[in-house]
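Enquirer: In order, the protein sequence lines correspond to chains A and B.
Mapping to numbering that gives the first Met the number 0: the first sequence position 149 is 148, numbers consecutive.
Mapping to numbering that gives the first Met the number 0: the second sequence position 203 is 202, numbers consecutive.
Everything labelled a hint here was simulated from the structure, so no lab data went into it.
Do not take every clue at face value.
Using 30 Å as the maximum straight-line C-alpha spacing, the simulated DSSO-like pairs for lysine-lysine come out as follows [unchecked claim]:
{"hint": "1", "chain 1": "B", "residue 1": "K119", "chain 2": "A", "residue 2": "K174"}
{"hint": "2", "chain 1": "A", "residue 1": "K174", "chain 2": "A", "residue 2": "K195"}
{"hint": "3", "chain 1": "B", "residue 1": "K174", "chain 2": "A", "residue 2": "K119"}
{"hint": "4", "chain 1": "B", "residue 1": "K74", "chain 2": "B", "residue 2": "K24"}
{"hint": "5", "chain 1": "A", "residue 1": "K149", "chain 2": "B", "residue 2": "K1"}
{"hint": "6", "chain 1": "A", "residue 1": "K149", "chain 2": "B", "residue 2": "K74"}
{"hint": "7", "chain 1": "A", "residue 1": "K74", "chain 2": "B", "residue 2": "K21"}
{"hint": "8", "chain 1": "A", "residue 1": "K1", "chain 2": "B", "residue 2": "K149"}
{"hint": "9", "chain 1": "A", "residue 1": "K21", "chain 2": "B", "residue 2": "K74"}
{"hint": "10", "chain 1": "A", "residue 1": "K149", "chain 2": "A", "residue 2": "K119"}
2 protein chains.
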Amino acid sequence: MKLYTYYRSSAAFRVRIALNLKGLKYDSVPKLFAKNEHRAADYLSVNPQGLIPALDIDGAVLSQSMAIMEYLDEKHPEPAFLPADAIGRARVRSMALSIVADLHPINNLRVLNYLRRELKQDDDGVNTWYRHWVTEGFRSLEQLAGTYSKSGRYCYGDSVSLADICLVPQVFNAKRFDCPLDDYPTVMRIYEACEKLPAFAAAHPSKQPDAA
Amino acid sequence: MKLYTYYRSSAAFRVRIALNLKGLKYDSVPKLFAKNEHRAADYLSVNPQGLIPALDIDGAVLSQSMAIMEYLDEKHPEPAFLPADAIGRARVRSMALSIVADLHPINNLRVLNYLRRELKQDDDGVNTWYRHWVTEGFRSLEQLAGTYSKSGRYCYGDSVSLADICLVPQVFNAKRFDCPLDDYPTVMRIYEACEKLPAFAAAHPSKQPDAA
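The shape of chain A in the complex, shown without the other chains (with noise of 0.2 Å):
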């Protein structure tokens, strides 16, 4: 397997997460984001979207994380990302979908790049923007995690679930960008306890063979 990737990118992260989990190995492919290398006509040819990150399974290439994601968890049960229950895995992909369809879209890079060239954002600017979609989606999450979590390490239930592998990234993005976290002590403590699981940590910006 082949998986396109960004190492900043959240969305790439979660794959990376994701496909540790399950203990799948890949290739790496970065492509860097400052050398517009995702919009460029070789890797529109890949995944016409031009977004990272894409995986090639065998020349079979899939995008969208949550698909990959949910993908990876059909062909490859074990551990599971959603709990047994219908109703359970409404919940798990719906804190899931609170990072990836609400919150992550509007603060992702080409969002913010638009807010800076076409209306004229200074860095205060897309901060404030960036710092009022995570209150808009932590305030819910803490809500969430704290009825849902059972000890506290993990979104639903005792064990890592999609709602956690997207959690991370969202995390990790907001500390970047210097968003107030006290808030949010139950999604706080979720973050610390899995970014410390080997499966986040190697999955970590930091570890990634593009990172600057």
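Let chain A serve as the given structure and place chain B on it in line with the hints.
Expert: Only chain B this time, still in chain A's reference frame:
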């Protein structure tokens, strides 16, 4: 089942289509965005995210349209929202997520409100933003649908999938914002074929009890 909905919410529109396709009856509980009813304390106690839709199933409240649709598909397998093979399932989820997790969140009402209120954008600025992200999203969707649609009636293969359920509300909204759509003939052919299906037609914003 009770669906917390808003007639013009793209995410609620998806879930209405999904419920109709599965032949499931539900009661609509409209939350008027104009009156900020989705951020009122009584609704936040139901769905801490304060986002629409949420589906109440015997007291268990599920949020996030994609999580709700996956739940419905697991509990009520016919007609299937996803193909049988894992790669096909990943492709359909990827197309759906290109809307759910990339295009729609950036153009959601709360983001447009931020542009207006905090960044002082006028109608032109907001519309330019909206159309920019539609162009980004539809360009790749056109290519993906061109590759994976068999008959040109559906995004993937020859039956309705999660991708179509997400595409129709997104096109409806793009039309509302007068986005130029001539460059997306496959997307538009799918839209026109699907919106005629009874499950889609009955879910249309204009048919909802809270339609203006």
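Enquirer: With reference to the structure, classify each hint as holding or not holding.
Expert: Evaluated hints:
Under the criterion of a C-alpha separation no larger than 30 Å, the hint pairing B/K119 with A/K174 is consistent with the structure, at around 28 Å. The hinted pair formed by A/K174 and A/K195 meets the criterion: a straight-line CA distance of about 17 Å does not exceed 30 Å. A distance of roughly 28 Å separates the Cα atoms of B/K174 and A/K119; the hinted pair therefore holds under the 30 Å criterion. Proposed proximity of B/K74 and B/K24 is supported: the alpha carbons are some 14 Å apart, at most 30 Å.
Pair hint A/K149 plus B/K1 holds up; C-alpha atoms about 28 Å apart against a cutoff of 30 Å. Distance hint between A/K149 and B/K74 is fulfilled; the C-alpha atoms sit about 25 Å from each other, no more than 30 Å. Taken as a hint, the A/K74 and B/K21 pair is honoured in the structure, with Cα atoms around 26 Å apart against an allowance of 30 Å. For the proposed pair A/K1 and B/K149, the alpha carbon gap of about 28 Å is at most 30 Å, so the pair holds.
A distance of roughly 26 Å separates the Cα atoms of A/K21 and B/K74; the hinted pair therefore holds under the 30 Å criterion. Proposed proximity of A/K149 and A/K119 is contradicted: the alpha carbons are some 45 Å apart, above 30 Å.
Of the hints listed earlier, the one the structure fails to meet is number 10.
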